[in-house]
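S.K.: Spelled out from the first residue to the last, the chains are:
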Amino acid sequence: MGSLEQSKIRRTIMPFLAIFQADLEALLKSRITYGWLIAGVFLQVIRVLSNSRITPTSVIIPLGLNDFIIIWSMLIIGTTASTVSSETGELADSIMSKSVKRQDYIFAKFASRIVYVAIMYLAITLVLVIASLRLAENDYDIYGLVAAILFVLIALIMLTSLGVSLSTFISNSVIAIVTLLILWYSMTAFFPLLDMELLSPSNLIAKMPDLIQGDWTGDSWITAVIFGYISVVFTFLTASYFTTKDL
Amino acid sequence: MTSIIETTNLTKIFGHKLIAVNNLSLEVEEGSVYGFLGPNGAGKTTTIRLVLGLIRPTAGEVTVFGERMLPSSSELRRRIGYLPTNPKLPPKMTPIMYLDFVGKLFAQNKDQRTSRLSKLIRSVDLLPSASREIKGFSTGMVTRLGLAAALMNDPDLLILDEPTSGLDPTGRKSTLDLIEELDNKTIFVSSHILSDIERICTHVGVVNEGKLIYSGPIKEMKKQIQRNRIRLELDGNLDDFCEKLKSINYVMDVERRGDFTIDITFDSQISTIIGLKQVIELLSETEIELISINSSTSRIEDAFLALLEEEESRGFLRAVED
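So the sequence lines, in the order shown, correspond to chains A and B.
Just so you know, we're using this note's numbering here: the first sequence kicks off at 1 and counts up by one.
Just so you know, we're using this note's numbering here: the second sequence kicks off at 1 and counts up by one.
Just chain A, with the same shape it has in the complex (with noise of 0.2 angstroms):
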C-alpha cells in the first residue's frame, strides 16, 4: 500500500479513533466505574448465594439480568444523556475546531458509550454466570444462555443510543436525563398493561428462564430485532442532525 493511501486511510480513522479512545479510557478510569462495578459484583454474588439453593440458573441469571433493566439503566441514562450537551462549550472550542468531521465525532461517541456500557455488562454478568453455574442447579442450554446475555445486551445498546440522541438534540442535560428516565421505565413498566409487550425490556427478561433453558420461542427474538433497528435508526437520525447542528 502506497503512502498516499496509508495517509488518506489514517486521516479518515485516526480522528473518529482519538475521540473514541480518549471518552472510553475517560469513563472507564471515572469513579462511577469503579463504583459500579464494586456494587454490581456483590449485588450478584449475594443473589447467588442467597438463592442457589432452591432456584436453578435458569431463574437467577435474568434476576441479575433484570437489575441492569431497572437500577443500572439510571447510571447509564446518567452517562449517556448528557454526552453531548454536558461537552458543547469543550466541544467547539478543542474538538470540532480542528480538522475533524461532524460524523466522525458522533459516531465515536456512540461507539465509546456503547462499548463502555458493553465493557461494564459483561465483567458484572460474567461474575453472575460464573457463580451461577458453579452454585447452582444447572438447567441451562449454552445457546440459550448466550441469547438471553446477548439479547440484554442489545436492550442496553437501544438505552445507550437512546441517551447519547437525547443529548444530541436537548442541550439541557438534566432535561435529556429526565426524558429517558420517563421513556426507559414508561417501557418497562407500562407497555406490558398497555399490550406493547414487544417493545418492553421487562417483556425480554420475563421470558428468559425459558430461552435460558432452551426454548426458542419467537417474541425474544422479535423484541431483540426491534431494539437493534431502534439503535440504528437513532444512531443515523442523530448523526444526520449533528452534521447541521450549530455548536
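Calculated from the structure, these hints are not laboratory results.
Treat the numbers as computed from the prediction; the structure is a model and nothing was measured.
C-beta atoms are modelled at their ideal positions from N, C-alpha and C, and glycine is treated no differently.
Check before you lean on any hint, since a few could be wrong.
Only some residues are given here: those of chain A computed to face chain B with a beta carbon under 8 angstroms [stated by the list, open to error]:
1) Ala26
2) Leu28
3) Met96
4) Val100
5) Lys207
6) Asp215
Chain A is already provided as a structure; the job is to place chain B on it using the hints.
M.R.: Using the frame of chain A, we list chain B on its own:
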C-alpha cells in the same frame, strides 16, 4: 494581496431574538495580524465561530483560503489553528497527552506528533509541567497550552479569541511575546484590550453591536479621527496654567483630567506643531514641570471611542448607507 478570510454580508440571528452579527463584510489579507476590536457582546466570538464553520450564518457567507466555510469543511480547518477564550481542556490529561490527542485529531503520525509537541511544550515554557495533570494549571498555563494546541498543526491561519483574558500583567506580556514571535502566519486576534491590539496588530476591524464600523490599517484609523489634540502630564499648579491656555487663540478647548493631566484641543485649521509651540512657550514661563506629551491621535482608546460615538450619532443613516 490574497485575502485569507473574506466575509460578505455576514449575518447571524439567534432564535429570531438576537442579531449577533449584522451584515458584516471584512477581508483579512495574507500575512497580516488583524485585530478584531469591540466591546463585550459586540459579536466578536460569534464572528469567529462563523469563520470556523462551527455555526451557520443566517445570511451572507464566509470564505477562508478562497473556499466557502461550512460545518463540513474539515479540510479547511486543517490549515487553521484556534485558541478560544479561557480554553476548557480535559482536566485529567497532561500537556503531553493533550497535545498528542490534538495531533491525532489532525491525523498526524506518531513521529510528527512527538516532534511537534516536544517543540511546542518547550516554546510555551511548559516543560517543567509537561507531565502534570491540567486540572492543577493556572489560567496563564492553560492559555499557553491552548496556544500550543492551536499551533500543533502548524496552521497558515491562527485565530485567537481574547488570548490575554484573565491573565495577570506577566501572563499577558508573555502571551503577547509568544504571539509576536510567530511569523509566516496570518493572525486574527479578537480582543477588547486596546493596548494589546495596538501592540501586535497591523490591521484592525472595529465591531459594535454586530456591525463592522471600521476595517483597515491601525495608522489609518488613528489618522481618520485626528483631532489636533494633545495630552500633557504636568506637575505643579495647573489652575492658572489652564486659564492662560484658554487665552491662546488656537486653543479650542482645555480639559482637566485629574490633578496632573490636561487635554488641549487646537483649531483644526492650524498644524498641531504650531499650537504645541505656543503651549511650550507658555509652559517655559511657569514653574510647572512637564512630565510627558502625548498626541491623542496616537492613543488607540481615543480612536476606538471616537469611532463608536460617530457610529451611534449617524442614527438612521446606518440603515440606508453601506
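S.K.: Compare the structure with each hint and give your call.
M.R.: Against the structure, the hints:
| no. | hint | result |
| --- | --- | --- |
| 1 | Ala26 | holds, 7 angstroms |
| 2 | Leu28 | violated, 12 angstroms |
| 3 | Met96 | holds, 6 angstroms |
| 4 | Val100 | holds, 5 angstroms |
| 5 | Lys207 | violated, 43 angstroms |
| 6 | Asp215 | violated, 48 angstroms |
Hint compliance for this structure: hints 2, 5, 6 are broken, all remaining hints hold.
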